[in-house]
Amino acid sequence: MIVPQLVFWVMAVIAVLGGVGVIASRQPIRSVLSLVAVMLALSVIFLELSAQFVFAVQVIVYAGAVMVLFLFVVALLGPLRERATGRLRFQWWLGILVALVFGGFLYSMLNGLRFRAPANVDLSFFGTVQQIAAGLFTTYLYPFELTSLLLLVAAVGAIYLSRGGRTASEIQREEEDRRA
Amino acid sequence: MPDYGQIPVGTGTLDARLVLGLGALLFILGTIGVLIRRNPLVILICIELMLNAVNLTLITFAAQLRNLEGQLFALMTMTVAAAEAVVGLAILVDIFRVRDVDDVDELSELKG
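Line order of the protein sequences matches chains R and V.
Numbering-wise, the first sequence is residues 11 to 190 according to our numbering.
Numbering-wise, the second sequence is residues 2 to 113 according to our numbering.
Hints are not guaranteed to be accurate.
One side of the interface only, derived from the structure: several residues of chain V facing chain R at Cβ under 8 angstroms [claimed, not checked]:
no., residue
1, G6
2, L30
3, I37
4, L108
5, K112
Computed Cβ-Cβ distance ranges for the label pairs, DEER-style [to be verified]:
no., chain 1, residue 1, chain 2, residue 2, range
6, R, A144, V, D101, 33 to 39 angstroms
7, R, R183, V, L111, 23 to 29 angstroms
8, V, G11, R, L151, 30 to 36 angstroms
9, V, L108, R, W19, 24 to 30 angstroms
10, V, G13, R, A85, 40 to 46 angstroms
11, V, T12, R, A144, 26 to 32 angstroms
12, R, Q140, V, V99, 46 to 52 angstroms
13, R, A66, V, V81, 17 to 23 angstroms
14, V, P3, R, S118, 22 to 28 angstroms
15, V, G11, R, F112, 32 to 38 angstroms
Here are some of the chain R residues that sit facing chain V, going by a computed Cβ distance under 8 angstroms [claimed, not checked]:
no., residue
16, V30
17, L52
18, V69
19, V76
20, V78
21, R126
22, F135
23, Q140
24, I142
25, L160
26, V166
Just so you know, the hints here were simulated from the structure itself, not pulled from any lab data.
Beta carbons: idealized from backbone N, C-alpha and C, even for Gly.
Using the sequences and the accompanying hints, generate a full structural model.
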């Protein structure tokens, strides 16, 4: 049957269009929403590749939590308009050049790619919550526990960085006081 | 020699090269975004796009090799990406509180 490939192609087109939307839209809010589209399309492909748990995490954590965080920041900072022409216009061409070189490398590597024989495992039980948990809590227990430390550090750091500091007008007033 | 690149999916198969190509394309789009965009917020979004492309590659190889470690690694990447987004956005909000930035090139105080 052709159904898996059809699903893949539809999701791939959505993902690529979303990716183009991320880098091409003028307003950050559209970039964020395009990225949500990319993530949802990718989550369907994850499901096709028998990664059920990663699919759920992708939808809940990524498309749900992380992107809502981005949306909150966009709402907090207000509509930011990006200048059409920057001071460093050559960066644009440099970016295209880097992308072309990098894309050429990736393409040639994909062309010469030889796949190793897969392990003899039933794919219908692959990537279930039980299997993921068995991996995370036995072989990869220490990395998993370190992950919680990483999240704690990130949370504390975010609170520290975003605590009430001086605003721009306060700094200006202080400088005026110093001058006076 | 059989083609090991065909991943069985439901009733059919999916060529791993196609999925890896999609991952490469999304990664390159993210790279272009980081290089040519000027809004720091959009640059962070493009980094998330690149991380997602890497995740897709990891999960493709996990399915092709029937090796679960790729999926576990993808989960770790997601955690690191979440931490990165939280800290990056906090720094960004902190910068924006002091001044309006519509171009990351304006943030050159550390240049001396």
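Hints versus structure:
| no. | hint | result |
| --- | --- | --- |
| 1 | G6 | 5 angstroms, holds |
| 2 | L30 | 4 angstroms, holds |
| 3 | I37 | 4 angstroms, holds |
| 4 | L108 | 13 angstroms, violated |
| 5 | K112 | 14 angstroms, violated |
| 6 | R:A144 <-> V:D101: 33 to 39 angstroms | 50 angstroms, violated |
| 7 | R:R183 <-> V:L111: 23 to 29 angstroms | 26 angstroms, holds |
| 8 | V:G11 <-> R:L151: 30 to 36 angstroms | 33 angstroms, holds |
| 9 | V:L108 <-> R:W19: 24 to 30 angstroms | 41 angstroms, violated |
| 10 | V:G13 <-> R:A85: 40 to 46 angstroms | 43 angstroms, holds |
| 11 | V:T12 <-> R:A144: 26 to 32 angstroms | 28 angstroms, holds |
| 12 | R:Q140 <-> V:V99: 46 to 52 angstroms | 50 angstroms, holds |
| 13 | R:A66 <-> V:V81: 17 to 23 angstroms | 19 angstroms, holds |
| 14 | V:P3 <-> R:S118: 22 to 28 angstroms | 24 angstroms, holds |
| 15 | V:G11 <-> R:F112: 32 to 38 angstroms | 33 angstroms, holds |
| 16 | V30 | 7 angstroms, holds |
| 17 | L52 | 6 angstroms, holds |
| 18 | V69 | 11 angstroms, violated |
| 19 | V76 | 5 angstroms, holds |
| 20 | V78 | 11 angstroms, violated |
| 21 | R126 | 6 angstroms, holds |
| 22 | F135 | 11 angstroms, violated |
| 23 | Q140 | 11 angstroms, violated |
| 24 | I142 | 7 angstroms, holds |
| 25 | L160 | 5 angstroms, holds |
| 26 | V166 | 10 angstroms, violated |
Against the hints set out earlier in the document, violations occur for numbers 4, 5, 6, 9, 18, 20, 22, 23 and 26.
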